[in-house]
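Engineer: Here is how the chains run, residue by residue.
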Amino acid sequence: MKTVYEKSAGLTDVPLHYCPGCTHGIIHKLVAESLVELDVLGRAIVVAPVGCAVFAYDYFNCDAQEAAHGRAPAVATGIKRVHPDAIVFTYQGDGDLASIGTAEIVHAAMRGENITVIFVNNAIYGMTGGQMAPTTLVGQSTTTSPLGRNRIGQGAPLRICEMLATIEATAYLARVSVHTVPRLTAAKRAIKKAFQMQIERKGFSLVEVLSTCPTNWGLSPVEALRWVEQTMIPVFPLGVFKDLEGGT
Amino acid sequence: MAKKLMKGNEAIAAAAINAGCRYFFGYPITPQNEIPEYMSRELPKAGGAYVQAESEVAAINMVYGAAGAGARVLTSSSSPGISLMQEGISYIAGAELPCVLVNIMRAGPGLGGVQPSQADYFQATKGGGHGDYHVLVLAPANLQEAADLTQLAFDLADRYRNPVMVLADGMIGQLMEPVELSPYLPAADLPPKDWATTGTAASGGRRRVINSLYLYPDQLEQHVRALYAKYAAMERSEVRYELHQCEDADVVIVAYGTTSRIARSAIEKCRSLGLRAGLLRPITLYPFPFAAFERVIDRPQGFLVVEMSMGQMLDDVKIAVAGRKPIAFYGRTGGIVPTPEEIVKQVQALLGGGP
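Chains as they are written, first to last, in the numbering used here: chain B, 23 to 270; chain R, 75 to 429.
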């Protein structure tokens, strides 16, 4: 029998706990495959966040440290300074990275820490039950913006890639999505490239992945994919925001 | 190595490097800035790294990462900065990582002032951050001891996989005294760091995970009980204190760090006046030397606790004395350092003589 598909060796056998239709699982797979294909799984160390991906330390088949909420880039800095040859990456959601952890992400980027950040943006706090995030769209209703996020007083979404692109020491910043197969293929290319940058000691790399939260968006998995395409991408345009090597 | 005149903060920094510390993460705050300055100058020469963090919050989480990666790592700060680090210290204790913290205390609360204080005793010895845990706390009274205890702190941290704090104050940090640093070898029987994240290729394939999350209450309770078994071992093996002229003392002064030095001068003055005072000086504040009180409890008419605070260690002395003898308290706070004369007056008042 011919093997046509295999689970990546970059993932453990622990069953994922993510909700049906959530794209965290796909993103895990892309990261795991990238580490294996670049032959760095054995020297990878993941820093897990607080949020939906808190159990990432059980899923990635490599060494791991669980960080306090928002502090993953600081933890990764500590690890990387001790093991400069390790491939150190954080896997963070938008509450973790774009709210409580803004100081840590901005300054890790400012120092040009040679780490990779996988930033999963689903425009909401998933784990805690669907509260408003800094990335929540204007008008989007959540459990803490029941009337829809109001631009006045609650503000408009924070665009992390655009913000970090102003920082000199960043090496690679890209926003991708996994809502269609071609997008997924492009996302993997970006993730691999980000790790490649770290392998070549080019500095700070971050890939923002637009992700779904059918549970807290109140949509079916298929509707959620469509929502990414029609509602999220116009606010969070896909693309490469910084590439030290030029090109995409 | 010959004795060298050093500032307290420098002596602590030099001792840390001497003990094999190669990583420092910190944020500037008075009165401890000579520690990061020394580390930024000397660590690169020693093959290590100094990172100036964006905040104390980030610094302590860098410590978490480096400690989890298996390194000997130090951070230092002063009271308001140590408050900011409490979240990370709780995680480090929960994840059982070894690291050394230095708190060069200044006066609080709030922004307070930059003069010496001992008002972080509760924070240091009773937990500080959230959850059931302890940090082992060492309180030096002179610069040689500050250097020696800093070196010891790294061994204790590795032995117990727990944060160890060197608790001093702005006086110790800024004072200059001769210090001798001898070649230092870590204790030979320290456990191997077979839990550190290095990448599975380097560790032989088994995944290593640094974590303090236990969602099942029975597992978390078991974890906390294991932490407390460790603290019980510290309480059995790591209690340190000094008794000075307690044999014939009618008053035993209890003081640590800077105030113990002043108490020592006061005791000399008392004795020249015919007042028999002695000193019980805790060196470990956690574990607190409760047993030391049993050695001195019979003789004195009472105890005098002296602190640069409104009375924090006082609570532990009350527990130790357990109502058997009267306890007086003399505290100065806000950055005011008590004089020997003030303490002599307290002793005179206790013994019923004098003005």
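What the hints contain is simulated information worked out from the structure, not anything from laboratory work.
All C-beta atoms in this analysis are idealised placements derived from N, C-alpha and C, irrespective of residue type, glycine included.
Check each hint, because a few of them may be wrong.
Chain B side only, calculated, beta carbon under 10 Å to chain R, not exhaustive [said to hold, decoys possible]:
no., residue
1, 38
2, 40
3, 62
4, 64
5, 65
6, 72
7, 76
8, 87
9, 93
10, 96
11, 99
12, 103
13, 109
14, 202
15, 204
Engineer: Run every hint past the structure and note whether it holds.
Structural biologist: Hints and how they fare:
1. 38: violated (16 Å)
2. 40: violated (16 Å)
3. 62: It holds, given that the least Cβ distance between residue 62 (chain B) and chain R is near 9 Å, below 10 Å.
4. 64: holds (3 Å)
5. 65: holds (4 Å)
6. 72: holds (9 Å)
7. 76: holds (7 Å)
8. 87: holds (4 Å)
9. 93: holds (4 Å)
10. 96: holds (4 Å)
11. 99: OK, holds: residue 99 (chain B) within 10 Å of chain R, min 5 Å.
12. 103: Cβ of residue 103 (chain B) sits 4 Å from chain R, so the hint holds.
13. 109: holds (8 Å)
14. 202: This hint is violated: residue 202 (chain B) lies away from chain R, its Cβ roughly 33 Å from the closest one there, beyond 10 Å.
15. 204: violated (33 Å)
Of the hints listed earlier, those the structure fails to meet are numbers 1, 2, 14, 15, in rising order.
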